[in-house]
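Which chain is which? The protein sequence lines are P and C, in order. Under the working numbering, think of the first position of the first sequence as 1, with each following residue one higher. Under the working numbering, think of the first position of the second sequence as 1, with each following residue one higher.
Think of the hints as simulated: they come from the structure by calculation, not from any bench. Glycine included, every Cβ here is placed at the ideal spot set by N, Cα and C. Careful, some of the hints might be misleading.
Covered stretches of chain C, going by a simulated chain P footprint (3 or more residues, C-beta under 8 Å) [claimed, not checked]:
hint, region
1, 28-36
2, 158-172
If you only want the chain P side, here are some residues facing chain C, beta carbon under 8 Å, derived [claimed, not checked]:
hint, residue
3, 70
4, 72
5, 157
6, 161
DSSO-like cross-link-like pairs, simulated, lysine-lysine; straight-line CA separation at most 30 Å [claimed, not checked]:
hint, chain 1, residue 1, chain 2, residue 2
7, C, 23, P, 37
8, P, 163, P, 195
9, P, 167, C, 23
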Amino acid sequence: MSNSKDYSVAADDELIRDSRMGETLAFEELVYRHRDKIYARALQMLRSPEEALDLSQEAWVKAWQRLDMFHGESSFLTWMTRITINLCLDRLRKLKRQPSDSIEEMESTVGGVEKYMPVVHVNPTENLERSELRQRIDKALSQLSYEHRTVLILHEFEGLEYKEIAKVMQCSIGTVMSRLFYARRKMAALMASYKREELT
Amino acid sequence: MNFEQQIKIQSYLDGELSLAERKQVEVWLEQDQQLRQLRDELQQMSAALRRHEPVEGVPDTREFYWTGIERAIQSQPLGGAESVGHRRPFIGQPTASFRDWARSWWLRLAVPAAAAVLLVVAVLSNRETEPPPQSASSVTQLDDLRDIEIPTDDVNTFAFHSEAAGMTVVWVETVGQ
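With the rest of the complex left out, here is chain C:
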């Protein structure tokens, strides 16, 4: 028997052959004892595996196993990473994940809004100052910094303005959740 015949015996047992191929294999089986022995071996092994699949139960208690999963679920934003933008209504109390979602929504709005307000303030205050003298060293000197701080619980925003340099820097920092 050659390897092609051996593989065909397997495919025959697994129902993966066409009708014509099945008939060919049946002729081989009639004529070749070794192929019949191989068929028997493959059949016995397959039957043993299907009837006696090893089964092992979770070694943890129901509560302990669930706690790990629940913690991971509640640390996800609402809808999870797989369904961006999807929102589910809740039955009962909102979970921690709902609160996290609400905060992240607020952050997405608050950060650009705070930056925009500071920029407007900086531009308006700049209009009243004269342009700085043309000097290579004056551009980098920020000795007369004024800082404008607008802290919130989740966002720290700082603006530094130098009238001499005619420069305003806005720094926006999100606080870890």
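Just chain P, with the same shape it has in the complex:
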């Protein structure tokens, strides 16, 4: 007997309920609705479209397996994003075991330079078109180490508090604070340098 429900108009709650009962058409609709945001989050963290595609699909499979563990304390998208972030962090930690030759990465990992960065006086985001600003932000994010990029993503895009970020990243609150501080100051410095390049 075939299922003729139109899931395109169903609420997420109904899709989740039917997915729990094994209805893959309902789950497909959930995937379709939220796939762009999940993919975008993976791409921001991993910085590789192929890896982000692969990992985002892996996150959906994991969500299918764990649907019974979703109890509605947060929205489905928030829950799904957490799964994605954890998978990204696992992958990045594995990659981090490989030594890096980048001086910038070492500098940002060791820390301390953020104490001495000069304050950026002119707002580097002023007078920019939205799409151009997004591009510059994306470019600047790619120049951070994964720890600094992650803490920025978790705080600014996911809205997590310091202690929540510390739990996700398995570090102390003090480390979260100093990484976030460095990341923000580095972003401001990079955005200011892009603006200077544009003027010269």
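With chain P's structure known, arrange chain C on it following the hints.
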């Protein structure tokens, strides 16, 4: 301004300070122009990030993206690795994963059952033979092997018996799914 003050400015903007700490930071901000400039820089950067988060859509079509996920879901046993023993009823046609689950359930029962049957057969046939002569070399000689084969689609079971050595070996092999 020192580093502790700089970090406190950040925490102040992020709403992570107690009331007493907030009041302290506000006094610093009134007195120190550099701290005010730092506050402005952090505030502007934070606002820009929140308003202009880079967004990128999945580069694949809906069908292609879903196919990869569906294949992985259907290759999982029913309930998946995260919920061992959990079974879900189905709406509509059973998927390949349901069939895989049914076969694995049968295997878990069939393999020990087949081994038990062969052991019983081997023990019963052993009772009719005399014990082998005491010799260091006879224990390892299995020249008079009889093999008893009980193949099924998913399990191959073989028993080898040597009356001279008084030994029976039961080999159980699962065929790949």
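Q | Hints breached by this structure | A | 1, 2, 3, 4, 7 and 8
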